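**Student:** Read off the chains here:
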Amino acid sequence: MKRQTWLQWARAVAADPNSPSRIEPKMLGEMTGQDMRALSAVSACWDVYSNADNAGRHGALAAVYALLPAMSHTARFVARELIPYSLDWSYRDIVWAELERFDRESRHVGAQVRALQFVRGLGREAIDQVIADVRSEKVRL
Amino acid sequence: MRCAVGIITCFSVKKRRHLVEANLAAVGPRTPSLIRKGALAALTGTDYRVLDAFVACLELYSYDNSPTVLTAARMLLARMQPSTQWIAKELIAFVFGWSDRERLWPHVESYKVAPSTGRTNSEIVLIPGNPNGSPFK
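Sequence order for the protein chains is A and B.
Residues 1 to 141 (our numbering) make up the first sequence, in order.
Residues 1 to 137 (our numbering) make up the second sequence, in order.
These are calculated hints, taken from the structure and not from any lab test.
One thing to keep in mind: the hints can contain errors.
[To be verified] Facing chain B, a subset of chain A residues (Cβ under 7 Å, in silico):
1) Arg37
2) Ala44
3) Gly56
4) Ala63
Because the structure is a prediction, the values reported are computed rather than measured.
C-beta atoms are modelled at their ideal positions from N, C-alpha and C, and glycine is treated no differently.
Build out the structure end to end from the sequences listed, making use of the hints.
**Tutor:** Here it is, written out as structure tokens:
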């Protein structure tokens with residue numbers, strides 16, 4: 001059976017009054033071309049999240065976090081509502097709460113140290129190397 | 001004939017348009033692509049999903065060339081097997097041009113710590129600070 005696209009699914013749940021989805025039909029009509037492309041990317045990220053181990057889930061969440069600024073506020077709301085397209089209704093709040101926690105932690109520690117979230121488990125020497133590389137612009141943030 | 005080979009090789013992933021295209025390119029004798037017949041066999045399920053998301057990010061980048069979109073692509077790429085990440089580089093040409101592979105790859109390639117300074121083959125993904133603050137506000 002051919003799997004429906006995220007847009008077909010979103011239209012179907014928006015039209016169903018019994019669906020737990022909070023997407024309304026007019027929301028999809030308001031999307032710009034950029035929003036649609038961003039939502040396609042987010043939907044693919046949720047697919048990665050749904051089939052990955054811990055590291056994969058973290059990577060998918062970080063990718064969605066990086067994609068959010070490319071969307072309008074309505075599209076960000078739809079990004080959250082797309083979680084059940086790959087997972088289940090109950091995961092919508094769980095996964096989004098993880099993303100919000102990611103945001104809080106990131107803002108708290110700042111851009112440079114934010115990179116170190118991914119360096120857990122490495123030695124002090126390795127972390128110093130990362131900081132030095134970022135400062136010398138050997139790697140770009 | 002080219003179509004037949006591409007469709008048979010990609011039968012299980014026929015919905016993944018970019019991979020079918022990549023495979024078709026692999027059949028062409030004069031293609032600049034490094035993907036050759038059978039190269040996609042090494043891809044795992046996670047790799048396929050990451051490639052889907054990677055191409056979706058590139059399509060968004062072709063429309064909105066914000067660095068955070070490339071960051072998203074980089075974070076996804078780090079979740080692929082190191083041995084198959086080169087396939088993602090070849091897919092850049094599916095969205096952009098052949099010459100864009102070399103231009104964009106350094107921006108999406110994952111950053112590795114030298115083995116002597118930490119855990120061997122550790123991959124680190126660097127997230128840029130968001131100049132506009134939290135995307136949740």
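**Student:** Against each hint, give a clear statement of whether it holds in the structure.
**Tutor:** To see whether the hints hold, each was checked on the structure:
Hint status for Arg37 (chain A) relative to chain B: holds, with the closest Cβ pair at about 4 Å, below 7 Å. A distance limit of 7 Å between C-beta atoms decides the matter here; for Ala44 (chain A) the minimum to chain B is near 3 Å, and the interface restraint holds. For Gly56 (chain A), the interface hint holds, the least distance from its beta-carbon to any beta-carbon of chain B being 5 Å, beneath 7 Å. Here the hint on Ala63 (chain A) is kept, as its CB sits about 4 Å from the closest CB of chain B, short of 7 Å.
The structure meets every hint from the earlier list without exception.
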